[in-house]
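Q: Under this note's numbering, the letters of the sequence shown match residues 1388 to 2429, in that order.
One or more of the hints may lead you astray.
Stated by the list, open to error - Straight-line Cα separation of at most 30 Å, DSSO-like style, residue types lysine-lysine; simulated pairs:
#1 K2231 / K2355
#2 K2229 / K2355
#3 K1529 / K1572
These aren't lab readings, by the way, just hints derived from the structure by calculation. From a predicted model like this one, the values you see are computed outputs, not experimental measurements.
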Amino acid sequence: MSVASKMDLPEEIQHPYTKFSEWKFKLFKLRSFEKTPSDDTQCISKNQVEEVASLDKNIIVHKDETIPREEKSIWTQMDLTGHRQALEKDANDMKTQDNEAHQNNLKQLCRICGVSLKTDCHKRSHPVHGPVDQETLWLLRKKEKKATSWPDLIAKVFKIDVRGDVDTIHPTRFCHNCWSIIHKKFSNALCEVYFPRNIMMEWQPHSPNCAVCQPTCRGIKRKRQTPSVQLGKRVKTIAERTRVNKGLMKQTQLKNKNLMKEILSCSKIHLSTKLLAVDYPADFIKSISCQVCEHILADPVETTCRHLFCRTCILKCIKVMGSFCPSCWYPCFPTDLVSPVKSFLNILDSLGIRCPVKECDEEIMLGKYGQHLSNHKLMKERELYSHINKGGRPRQHLLSLTRRAQKHRLRELKCQVKAFAEKEEGGDIKAVCMTLFLLALRAKNEHRQADELEAIMQGRGSGLHPAVCLAIRVNTFLSCSQYHKMYRTVKAVTGRQIFQPLHALRTAEKALLPGYHPFEWRPPLKNVSTNTEVGIIDGLSGLPLSIDDYPVDTIAKRFRYDAALVSALMDMEEDILEGMKAKKMDDYLHGPFTVVVKESCDGMGDVSEKHGSGPSVPEKAVRFSFTIMNIAIVHRDENVRIFEEAKPNSELCCKPLCLMLADESDHETLTAILSPLIAEREAMKTSELLLEMGGILRTFKFIFRGTGYDEKLVREVEGLEASGSTYICTLCDATRLEASQNLVFHSITRSHAENLERYEVWRSNPYHESVDELRDRVKGVSAKPFIETVPSIDALHCDIGNATEFYRIFQLEIGEVYKKSDVSKEERKRWQLTLDKHLRKKMKLKPMMRMSGNFARKLMSKETVEAVCELIKCEERHEALKELMDLYLKMKPVWRSSCPAKECPELLCQYSYNSQRFAELLSTKFKYRYEGKITNYFHKTLAHVPEIIERDGSIGAWASEGNESGNKLFRRFRKMNARQSKCYEMEDVLKHHWLYTSKYLQKFMNAHKTLKSQGFTVDPEDSSGDPLPLESSLESNDSGEF
1388 MSVASKMDLP EEIQHPYTKF SEWKFKLFKL RSFEKTPSDD TQCISKNQVE
1438 EVASLDKNII VHKDETIPRE EKSIWTQMDL TGHRQALEKD ANDMKTQDNE
1488 AHQNNLKQLC RICGVSLKTD CHKRSHPVHG PVDQETLWLL RKKEKKATSW
1538 PDLIAKVFKI DVRGDVDTIH PTRFCHNCWS IIHKKFSNAL CEVYFPRNIM
1588 MEWQPHSPNC AVCQPTCRGI KRKRQTPSVQ LGKRVKTIAE RTRVNKGLMK
1638 QTQLKNKNLM KEILSCSKIH LSTKLLAVDY PADFIKSISC QVCEHILADP
1688 VETTCRHLFC RTCILKCIKV MGSFCPSCWY PCFPTDLVSP VKSFLNILDS
1738 LGIRCPVKEC DEEIMLGKYG QHLSNHKLMK ERELYSHINK GGRPRQHLLS
1788 LTRRAQKHRL RELKCQVKAF AEKEEGGDIK AVCMTLFLLA LRAKNEHRQA
1838 DELEAIMQGR GSGLHPAVCL AIRVNTFLSC SQYHKMYRTV KAVTGRQIFQ
1888 PLHALRTAEK ALLPGYHPFE WRPPLKNVST NTEVGIIDGL SGLPLSIDDY
1938 PVDTIAKRFR YDAALVSALM DMEEDILEGM KAKKMDDYLH GPFTVVVKES
1988 CDGMGDVSEK HGSGPSVPEK AVRFSFTIMN IAIVHRDENV RIFEEAKPNS
2038 ELCCKPLCLM LADESDHETL TAILSPLIAE REAMKTSELL LEMGGILRTF
2088 KFIFRGTGYD EKLVREVEGL EASGSTYICT LCDATRLEAS QNLVFHSITR
2138 SHAENLERYE VWRSNPYHES VDELRDRVKG VSAKPFIETV PSIDALHCDI
2188 GNATEFYRIF QLEIGEVYKK SDVSKEERKR WQLTLDKHLR KKMKLKPMMR
2238 MSGNFARKLM SKETVEAVCE LIKCEERHEA LKELMDLYLK MKPVWRSSCP
2288 AKECPELLCQ YSYNSQRFAE LLSTKFKYRY EGKITNYFHK TLAHVPEIIE
2338 RDGSIGAWAS EGNESGNKLF RRFRKMNARQ SKCYEMEDVL KHHWLYTSKY
2388 LQKFMNAHKT LKSQGFTVDP EDSSGDPLPL ESSLESNDSG EF
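Make the full structure from the sequences, and use the hints.
A: This is the structure:
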């Protein structure tokens, strides 16, 4: 009440001792309460009309003048409050009924297509969450799919994520029509099913205009209730009730949690977080503790909702309380439980804890707690034994006793087992004892030993791992029929399944071939499919029909470049993680990792089969391959190399990418088949690979270096003229005359981009020049370059080319050409026969039609020069030849070694001097041969080696020797395939060649070589021999060596 109104009151009211009851009837005139609600509502404000009318419609207050007005008003307010509460309760009940009706309507709808389940006359429906039915599980096993729950299949087929569904919004079942669509996706059988919608259903929460409940509401719209007068009080009441409900909910959750703890009762087997040796933050302790028992995680598993539990705790909770996550009540099934990532397990095992055993304050790592606890148990048993045998000899362990003492100690147990076996198992004491041993092993989580023992009990034998059998088959080049005969013979003779059947080998090889591991590119590769399940594909994409005589019959098989790189990286997963560990780096680093890839391409000679059938194909083949040279990562602002190929020129690390039966000189065919590979490589240069390795998503970048090409192929793919042209070098623009006049001082000037520009000039002739002027302008570029190569020297072919030139010098020195210039062809032939005969006698070098790498290595030696000097009369020429060979042998290690700065630093420093002296000898002593001309490889050896080593650090490591070594594998793998078609034959060769280079299988190949040295021999050529020596050797070798 305001001050002004207070001053207008009578004097008696203002007096402090005056009773208010004497004046209440004078100040407030009472009105009659026997009026209709319509009269009553006239004194209430307009905002109160609808609420009071609704509240007081059925209320009639009788007049009673004997009751005071104050008490009547109190009773009236109590009645109004009671009716409001009743109305609120009715509204809540109505809302609950409405929600229940909404959920009942949802139960009759399909989660995927939204069709009513009542339309199916057979009333067939399937749960959205949960394991698949038996028919679908059989189909998935037949197709070798890993999915075992409906959410995975629905996400794969319909691209709908149902893991985050809420029961009040989404239906919990789907119709049989959608089930048939899933079956059609994973089976090849024809199935007449249709999907009734073009777009997927979008489910919304329940509302007055709910599309699910609209048919049941029949278009009746709810009346909107106006806000009441006591809105503030009502809000307070609702808020208070909400607080009370939250408190009750928390109490309920606490009771559920306590109930779960009572159910689990794992305090005796799991470690408390109080035992941690370090006072970690509360959030970290929560992250390493089970969310049910609140102990340190023991055998942790992760649910689909990313919550961590002990395996025994979550399995008990699911068994007792249903298939829900105890933390968020998200649907959770035992089949959905997976192990956490390796980095988390490593962190968990490295936690320091205090030993809970009394009088033991030792701090140990959690990973070694089991071993430490077993030591305590052993000490406790010894104490018990010493206490029982007080005053006597210490009680010995059962295994340390003699057989007679063991029988004496176990006599009572033996009688009990014998009685049980005669009563229950028909006297089979052996089976009872073996079963007890199996149960004891499994109780200690030694499942591997238990599985081996169970296999022996069932007569199957422990057997070799399928990967071991696959390694043996690939390494010994056994065909399918030869391996199957060996498998069947060994099983029949020994009675044990030592080798695995062929279908097990095919399953094992899938994980090693490209197309098995999922990956992603960011940004996506341009003009390359996002599908990752891509295996061997045809290499004839874009091949025109006008190429020579064999456009359709040209056979080419290849892997997709990005899938092959992913498979190679996953094959090296252990090496990458070990490299990070060796460099003392955290194994959870996600990159980006920089991968340097060496590309090689080379043609093979005569690969035709004289007895083969099928279409006519060229007698030459081309193989494109790659080698992962090194992998590095930026760590603490330093580029750390975590992997480097130890043998970059070995055929074991040169992975085949494309095989084609074509001639490397056929420019059109080579361009058509290799163009898709080059397009994929160009797309990968500007993108990053996202690949899960070691349980962590990691990023990889790729650097491609095309260095494994010989002189002929470099000229082919870079559009240059043949090697006998005026322009001698693929690295610089020097002509043959310029190179002979200046043997040493040249620099690298050519590049792929410059060759493309020169080709455009050659094609368009913008300056309208003559042929000779135009040829001089483009420096020998006459075709379009289509593969980018790094300007370098191929060490293998450089060695072969130089050895060929020395072989000719030896012939010319025998014929004393330095004295006479005109020599007939017959004389040259006679000198060559004399040299071949002498080298065969002295050096045991068999003459060859074409120079090979092995012949070149034997020819370029001081012993060979000494033998050749026996055929030369002049002593001066002896000294010149010996000095020339000596200089060459000093220069050769510089370009042949993988790292000349480490292997031959002195020769690297002397290279410039030795090359100048070598050039001086050629221009003086051997002027008759090199006046106005020089060979290609002599020019590269003398002019460009120091510059290339300064740029790349090595020449030998980037050679094509690994690709050349794979030529012999091509012929051997052609013999071991069983399919007669040329097309399938190329697939088998490519597949087996890839498996041969697998680092995972190479570990087992070493074990195979160990067995081979002990008498394990298999002759792949003769499959009809006596198999008894094989089985006898297998009997003496334990399979545990693998």
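Q: Are the hints correct? Go through all of them and say.
A: Now the hints, each set against the structure:
1. K2231 / K2355: Holds, at roughly 23 Å.
2. K2229 / K2355: holds, 29 Å
3. K1529 / K1572: Roughly 13 Å separates the two Cα atoms, so the pair holds.
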